[in-house]
Amino acid sequence: MTFIIHFLFFLYSFMIISSYIILGIISVFETVEYMKKNKFVNYNKILSSNISPSISIIAPAYNESLNIIENVRSLLSSHYANYDVIIVNDGSKDDSLEKLILAYSLIPVDFLINEQIPTQPLRNGIYKSTNPAFEKLIVVDKENGGKADALNMGLNISTNKYVACIDVDCLLIEDALLKLVKPFLETTDRDVIAAGGVIRIANSCVIKQGKLLDVNLPEKMLEKGQILEYLRAFLLGRMAWSRLNGLLVISGAFGLFDKKIAIEVGGYDTNTVGEDMEIIVRMRRYMEEKKLKYKVAYIPDPLCWTEAPDNYKIFISQRNRWTRGTIETLRKHRKIGFNRKYSSMGTLSYPYWFLFERMAPIVEVLGVIYFSYLIFHNQVRWDYTIAFILLAYLFTVLFSIAAIISEELTYHQYKKKGTGFKMIMIAFLEPFVIHPFILYAAIVGNKDYYFNKKKKWGAMTRKGMAKA
Amino acid sequence: MKKIVLAEDNSMLSMLLKFRLEKEGYTLLIAENGKETIELIEEHNPELILTDIMMPYISGLEVISHVRNKLNNQTPIIVFSASGQEEIVLKAFKLGATDFMSKPFSPNELVNRVKKILR
Amino acid sequence: MLDYNYFIENFEKSPLIIQVVWAFIMTIIFFIIIITIYLKYLRSFLRANEKLKNKIEKEYETLVINYLYAGDETDKISSEQQSIIEQLKSNIFETFRRNILISTLLKLSYEISGEMAESLHRLYIQTGLLDYSLSKLKSRKWNIIADGIRELTLFHVKEVQEQVKIHINHPKTEVRSAMQLYLVNLFHFEGLDFLNNITTPISEWDQIQLLEVLQLHTNQRVTSINLWLKSSNESVVFFALKLAKIYNQYGVKDELIALLDHKNIKIRIEVIHLLSYLNIIDVKTILKNKFKELTLEEQIAFFEMMENLYEMTDKPFVMEHILNTNFEIKFSALKILRNLNIEEFNRFKNLTVEPEFVRIVKYIESN
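Residue numbers (UniProt numbering), protein chains in the order written: chain A, 1 to 468; chain B, 1 to 119; chain C, 1 to 367.
If we strip away everything but chain A, and leave its shape as in the complex, we get (with noise of 0.2 Å):
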């Protein structure tokens, strides 16, 4: 019995290992070869064409009043020339509304909406500004709904072909619709549904007139850990899944959609916290159950800079809701998991999702319990113990090196001298500062999905949406 148990233990601590370092192989070609190829592209004479595609900027807000109308004017100096800004106000109690109407000249328009998926109604109603040098905006003002009732909304209005659907306080960079519609552009052997890019911390980072000045590391041990962990996910990690074409989740924080698609599943899932993923899942289904060539597409670009959680509560908060949106989405389309009919997405992203993100801090803590059980009953092999933990704590910091390095030779970001020394001192305590707290939120998001339904319910229409 012990040993079938040891077995077990083993078999999947080498199958998470493996598959770490097999996933960091095919991200680094990979990289090699995006970068090959996009060194010299001439991003100009794409952005002022206007035969260039047209793209909606979707960005729902909710209470954000204090920043919302530097947020806009920066949405609204992207350097692309066929695009729009859909801000969709979601029923916020502050003066967002107020604020916007005075500072972009905003008047009530009438708009005839095609509702192709339902949503919560409109509120005050669509703007427009008055001056054309806003032409791009629109605002929606509406009923508040949550964050994905807010983006159905923003997909019912905008008539472009792409929709890019965004958090308002993202920072993004002036190319970044570009870039991210790229992909979409340049592939000829099949559909590219959706695409995202590499989201990065901007905690502590100088950003002026909407544009990202200085790039610093924070001081918090909390912001330098997901620092490293971001680095590790979207280096070492995602590359390797659009190489594979098995990506399953693109960050709310940003990315593209073709608009046709999204909304001929019905939009985003207004009933999970994991809207992101599902519907990334549900797009792929489709494609699938159709029988159509298509791709997720994903680029190592840094695209967007977004606020982390600099405080453990909300830190505990944001995984746990990241938690339970994974076990939604994964639930919801079991169907797919294992199953032959969905190709690479059934036989392989699936079953990775399903095994080494949903349960992983399960067996973890299941480890845990086994192990204390073994102490008390004074069974533990310290040989064995000290030999395996201290393997596994060294390959955890070797792979967050790893990731450090292909940073620093693709974009180099944090340029200041001693960061280089910071960051590997991040690599070693990372383990110990921010996993536990990781695991406590998995393990707290499980029991809330499974004991607390109320909460789960509660999140979503009570407090619309909270900041990342």
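Calculated from the structure, these hints are not laboratory results. Any given hint could turn out to be false.
Stated by the list, open to error - Straight line, CA to CA, 30 Å or less: simulated BS3-like cross-link-like pairs of lysine-lysine:
(1) C:LYS245 x A:LYS415
(2) B:LYS91 x C:LYS245
(3) A:LYS136 x A:LYS93
Bear in mind the structure is a predicted one, so any value in this text is a computation, not a measurement.
Keeping the supplied structure of chain A fixed, place chains B and C upon it in accordance with the hints.
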């Protein structure tokens, strides 16, 4: 000496134009983004404004709108646009731009137009 | 020392698996040390490199501007310019510096035209950068070849087209697209000849770039696009449709009508949009007659066309569709009806209380 405000985020182009126009006897004030442009205009009250349309944060269109509507100022404005941006150019004219040049343009041609306007 | 021996002894007594794990641990520690040292080195290298690059860039920018500024309005190279050329020439043996000079020149050549641009092209040739670009064409790496072609394009080196054309069927998209851009940048519509026998797809991205380049040269005579509309390469058909729109090619009406039966639905839809744009009114009857066989997307496209080209005789057809289940078609039909005959519209506006219908009517009435 007539003052010209030039808003252009390509440092080489702005340096080249600065040299070229200073040779003709104008004083050039250079801004790299819309905000600086507006500050320079308000501070120096130039005789002519040259501005790129595509600029970070505050666009060339907003600069025109600011000059014409907020400052109520009729200073001639020449806008630079990338080719194929007819719609934006139309908007610029609607807002009160005086003339436009589409990039890539000939610096000598620009000098001619500047001279014509400031004669 | 004792501890050490104790450890060794223990290790030797351990089971094999523990020994293997320890071997792994040691390897990983070794790797971590190496990789950390490398990181340190890499970061200082990148920092130093960037500093140097900025310095050289400033230097070159000033030199290039001085060069342009020193030119008199003629084609001759002045002595001051010659000395700048010599200075740059002696400076670019290193690839690093050469790349900086090229990017400096490019930074400006995207923005200016006329004599100064030509003067910039001369600088590119005189400093010997041309030879470096040409040698790139012979590289075994595809990204270097693409790079070389790009440089030749941006500095308008027409004389080497034979060497560039060799790559017309290169297996890498990036090389082919660089070559296509070269031809179109330098020879405009004549450069489009490659469309006659290209079998690989041209991506939408590349098509946009080609069209942008063509539009820079406004007073060009459009070559005949008939052949391309009939191409078996669908991307060529799409490209030809875009050309037909931009350059108002009414002459290809028959080819366009033939394309209404193309097997690719996206092409059929594009054609409907284009026919509408070109105001080719006789197509209406054709499409009306087979309206029921069209896919929904084609029907919507057709109604967009009707909004643009409606006539009194279309009224019975439009009337059939004011209750269409599709929002867009219903909206179009009602709009056209209002424009054709407002009394008739008023008569039918209370036909149903279906909310969508009511909203559309209300919207049309207030606009």
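Evaluated hints:
no.: 1; hint: C:LYS245 x A:LYS415; result: violated (48 Å)
no.: 2; hint: B:LYS91 x C:LYS245; result: holds (23 Å)
no.: 3; hint: A:LYS136 x A:LYS93; result: holds (25 Å)
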